[in-house]
Amino acid sequence: MSLAVTLSRAQEGVAAPQVMVEVHLSGGLPGTNIVGLPEAAVREARDRVRVAIQNTSFEYPNRKVTVNLAPAELPKDGGRFDLAIALGILAAGGQVPREKLDDCEFLGELALSGALRGVSGVLPALLRARARGRRVVVPRANAAEAALVSDADVLVADTLAEVCGWLRGAQDLGLPTDPPPPGIDGIGPDLADVRGQLQARRALEIAATGGHHLLLSGPPGTGKTMLAERLPGILPPLTESEALETCAVLSVAGQTVDPQHWRRRPFRAPHHTASAVALVGGGAVPRPGEISLAHNGVLFLDELPEFGRHVLDVLREPMESGHIVVSRAARQSTFPAQFQLVAAMNPCPCGYAGDPRHSCQCTPDQVQRYRARISGPLLDRIDLGVQVLRVPLGELGAPPSVHDEDSATVRARVVKARQHALMRAGRPNAEISTRELERDCALGPAERRWFDAALERLGLSARAYHRTLRVARTIADLDGGAALLDRTHLAEALTYRRF
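Each step along the sequence shown adds one to the number in UniProt numbering, with nothing skipped, and position 2 is 2.
Bear in mind the hints are in silico, worked out from the structure with no lab data behind them.
Glycine included, each C-beta is placed from N, C-alpha and C at the ideal position.
A portion of the hints provided could be inaccurate.
What the hints assert, rightly or not - Here are the computed distance ranges between Cβ atoms for each label pair:
| id | residue 1 | residue 2 | range |
| --- | --- | --- | --- |
| 1 | 113 | 192 | 51 to 59 Å |
| 2 | 332 | 113 | 33 to 41 Å |
| 3 | 481 | 188 | 23 to 31 Å |
| 4 | 59 | 33 | 13 to 21 Å |
| 5 | 40 | 499 | 43 to 51 Å |
| 6 | 117 | 151 | 25 to 33 Å |
| 7 | 133 | 158 | 20 to 28 Å |
| 8 | 165 | 117 | 16 to 24 Å |
I would like the entire structure built from these sequences, with the hints used as guidance.
Structure below.
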């Protein structure tokens with residue numbers, strides 16, 4: 001029989017759809033034709049595969065070789081199908097047995113020598129193959145990434161010859177390296193480095209507990225960036241499923257997954273010259289942007305008004321939905337984007353409005369234009385806003401006080417308080433639905449009247465109303481998880497709506 005089928009997986013966003021590599025040998029003029037919507041890199045596989053097979057001491061068929069990558073409507077790109085194509089050709093020619101091909105998937109690019117090179121997007125492919133109960137053979141260069149999926153059936157190889165020897169039963173393939181130990185490594189900036197800033201530290205703790213977006217505003221040099229960089233250190237550790245989701249985005253983006261720090265929450269801080277495509281993702285072949293690379297972590301935008309207004313407004317939809325759909329003429333890819341936004345800005349162009357030590361040189365019109373660079377709908381989606389004031393010089397050189405807690409102490413409170421939300425709804429308070437909000441944020445009659453009057457005076461929108469209730473729910477969780485919200489929780493939540 002001159003027909004053989006091997007299995008591989010394509011890369012489509014963070015999905016990894018299965019691809020059947022069908023190889024048929026027939027009479028006619030010798031040559032190789034690859035069909036099934038292949039991109040240029042896949043079409044070039046016929047030359048790589050032919051030379052690799054010959055350099056591995058196998059015979060390339062002197063017949064017409066037709067390779068079909070099914071499904072035909074799915075675009076295929078990259079060198080990830082090389083190994084599957086080579087094995088299909090060898091199996092169709094009877095040079096390797098087919099018994100192990102049915103329940104195994106193959107990923108890897110071939111060098112002309114027959115060596116296997118690593119490919120991107122291995123982690124999503126392993127997760128999908130694990131769900132189907134299939135074994136996967138990957139290049140050794142992807143072994144560390146494959147080890148993250150602890151219960152996947154993965155084998156690693158260095159060359160095409162090793163894989164063929166395994167199919168023949170002549171040798172065994174290697175296993176991935178031992179997976180790294182669970183937990184977090186404790187490496188990163190510590191909150192104990194921050195002196196003073198009690199209100200900002202409180203807002204940071206609330207944001208970490210509920211997963212809320214945060215805006216820090218104040219003169220230059222007051223510690224806004226220091227505070228933002230220390231938010232990941234007080235967030236609860238990633239669960240294994242969250243860590244795998246985050247690493248899958250890195251894998252698709254072609255970035256190296258650090259096996260020692262794979263449970264660390266990502267912290268992305270793009271420069272204010274970043275374009276909209278850099279933030280949300282894009283390209284002819286859609287790639288994840290900064291908001292997806294910050295999935296399950298923190299996206300820090302320093303000097304927020306210096307970003308283009310159009311660039312900032314593209315954040316509005318993913319801030320609500322937790323994902324981004326990148327559409328191009330021939331492709332559409334969905335990437336996760338459940339990030340926590342932390343933004344920092346000066347109060348005016350010169351930066352010293354409201355600073356008792358420096359006089360502001362800006363006119364009211366300049367200040368208004370500066371703040372108008374941030375649209376109202378974007379500000380409406382930010383839960384917490386806090387003024388970061390200048391710390392007296394005497395406190396900077398003084399020994400740490402009882403209020404200058406380290407990240408581990410604050411993180412313990414955050415984890416304990418977030419458990420209340422997880423037990424109620426299974427997710428942080430910032431992500432609960434409106435129906436869950438009505439159930440979990442019950443107000444007494446007096447609190448309801450007081451809260452409605454306060455909202456009316458502040459002129460808040462319906463979205464701000466719901467976000468304020470979510471913040472109040474988080475404050476109550478930090479206060480021991482009270483079932484009913486009282487006026488102190490609501491009042492503190494309202495103080496963070498003054499942007």
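Taking the hints in turn, this is what the structure says about them:
{"no.": "1", "hint": "113 with 192: 51 to 59 Å", "result": "53 Å, holds"}
{"no.": "2", "hint": "332 with 113: 33 to 41 Å", "result": "38 Å, holds"}
{"no.": "3", "hint": "481 with 188: 23 to 31 Å", "result": "28 Å, holds"}
{"no.": "4", "hint": "59 with 33: 13 to 21 Å", "result": "19 Å, holds"}
{"no.": "5", "hint": "40 with 499: 43 to 51 Å", "result": "49 Å, holds"}
{"no.": "6", "hint": "117 with 151: 25 to 33 Å", "result": "26 Å, holds"}
{"no.": "7", "hint": "133 with 158: 20 to 28 Å", "result": "26 Å, holds"}
{"no.": "8", "hint": "165 with 117: 16 to 24 Å", "result": "19 Å, holds"}
The structure agrees with every numbered hint stated previously.
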